[in-house]
Amino acid sequence: MSMPKGKVIARGYATVVEDDGANYRNIAEQMTELGHKMNHASARNYVLRAMRKFALAFAEAKGETLTEDELDVVAKSPSFQSGVAELVQRLSIED
Numbered sequence: 131m132s133m134p135k136g137k138v139i140a141r142g143y144a145t146v147v148e149d150d151g152a153n154y155r156n157i158a159e160q161m162t163e164l165g166h167k168m169n170h171a172s173a174r175n176y177v178l179r180a181m182r183k184f185a186l187a188f189a190e191a192k193g194e195t196l197t198e199d200e201l202d203v204v205a206k207s208p209s210f211q212s213g214v215a216e217l218v219q220r221l222s223i224e225d
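Numbering-wise, this note's numbering puts 165 at position 35 of the sequence shown, and it's gapless, one number per residue.
Bear in mind the hints are in silico, worked out from the structure with no lab data behind them. Ideal Cβ positions, reconstructed from N, Cα and C, are used throughout, including at glycine. Do not rely on the hints blindly, as some may be mistaken.
What the hints assert, rightly or not - SDA-like, lysine to any residue: derived pairs with alpha carbons at most 20 Å apart:
no. : residue 1 : residue 2
1   : 192       : 204
2   : 183       : 201
3   : 183       : 196
4   : 183       : 204
5   : 167       : 193
6   : 183       : 195
7   : 183       : 167
8   : 183       : 221
9   : 167       : 184
10  : 192       : 172
11  : 183       : 207
12  : 183       : 193
13  : 183       : 214
14  : 183       : 215
15  : 192       : 174
16  : 183       : 211
17  : 183       : 194
18  : 192       : 181
19  : 183       : 222
20  : 192       : 167
21  : 192       : 175
Said to hold, decoys possible - With beta-carbon atoms standing in for the labels, derived distance ranges:
no. : residue 1 : residue 2 : range
22  : 218       : 192       : 14 to 22 Å
23  : 215       : 163       : 30 to 38 Å
24  : 203       : 156       : 37 to 45 Å
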């Protein structure tokens, strides 16, 4: 049986790379080059864990609570990930 190309979620494919973004394989290769042996599945897990933390922090800042399932949906959303990336880039440019 062949591996799926990417899980389809409500707002797109979670594994699609747009613009200057890196996919999970690229992230894993860069981390391995830096001395942190990693495969693409581990890279995905680390990215999603970080995205869950961002989602939780944003929800708490708005006074909302999210269930674990809701956090997962938000964290896996390509539009949420793009928004976080844009925010981080803007903040790094300002420094």
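Tested hints:
For the proposed pair residue 192 and residue 204, the alpha carbon gap of about 15 Å is at most 20 Å, so the pair holds. Only pairs whose Cα atoms come within 20 Å are accepted, and residue 183 paired with residue 201 is accepted, the gap being roughly 9 Å. Between the alpha carbons of residue 183 and residue 196 the distance comes to roughly 12 Å, so the proposed pair stays at or under 20 Å and holds. Taking the CA atoms of residue 183 and residue 204, the gap is near 11 Å; set against the 20 Å cutoff, the hint holds.
A distance of roughly 38 Å separates the Cα atoms of residue 167 and residue 193; the hinted pair therefore is violated under the 20 Å criterion. Proposed proximity of residue 183 and residue 195 is supported: the alpha carbons are some 13 Å apart, at most 20 Å. Restraint check for residue 183 and residue 167: the C-alpha separation of about 23 Å exceeds 20 Å, so the hint is violated. Taking the CA atoms of residue 183 and residue 221, the gap is near 18 Å; set against the 20 Å cutoff, the hint holds.
This hinted pair does not check out: residue 167 and residue 184 have alpha carbons roughly 25 Å apart, beyond 20 Å. Pair hint residue 192 plus residue 172 does not hold up; C-alpha atoms about 31 Å apart against a cutoff of 20 Å. Taken as a hint, the residue 183 and residue 207 pair is honoured in the structure, with Cα atoms around 14 Å apart against an allowance of 20 Å. A threshold of 20 Å between alpha carbons decides the hint, and for residue 183 with residue 193 the separation of about 15 Å falls inside it, so the pair holds.
The hinted pair formed by residue 183 and residue 214 meets the criterion: a straight-line CA distance of about 11 Å does not exceed 20 Å. Pair hint residue 183 plus residue 215 holds up; C-alpha atoms about 14 Å apart against a cutoff of 20 Å. Straight-line distance between C-alpha atoms of residue 192 and residue 174 comes to about 27 Å, which puts the hinted pair past the 20 Å bound. The suggested pairing of residue 183 with residue 211 holds, with an alpha-carbon distance near 12 Å, which does not exceed 20 Å.
Note on residue 183 and residue 194: the hinted pairing holds, with a Cα-Cα distance of about 14 Å set against a maximum of 20 Å. About 17 Å separates the Cα atoms of residue 192 and residue 181, which keeps this hinted pair within 20 Å; it holds. A threshold of 20 Å between alpha carbons decides the hint, and for residue 183 with residue 222 the separation of about 19 Å falls inside it, so the pair holds. For the proposed pair residue 192 and residue 167, the alpha carbon gap of about 37 Å is over 20 Å, so the pair is violated.
Simply put, residue 192 and residue 175 have alpha-carbon atoms about 26 Å apart, too far for the 20 Å limit, and the pair is violated. A hinted range of 14 to 22 Å for the beta carbons of residue 218 and residue 192 is consistent with their spacing of about 19 Å. With their beta carbons about 21 Å apart, residue 215 and residue 163 fall outside the hinted range of 30 to 38 Å. Between residue 203 and residue 156, the C-beta spacing of about 25 Å breaks the proposed range 37 to 45 Å.
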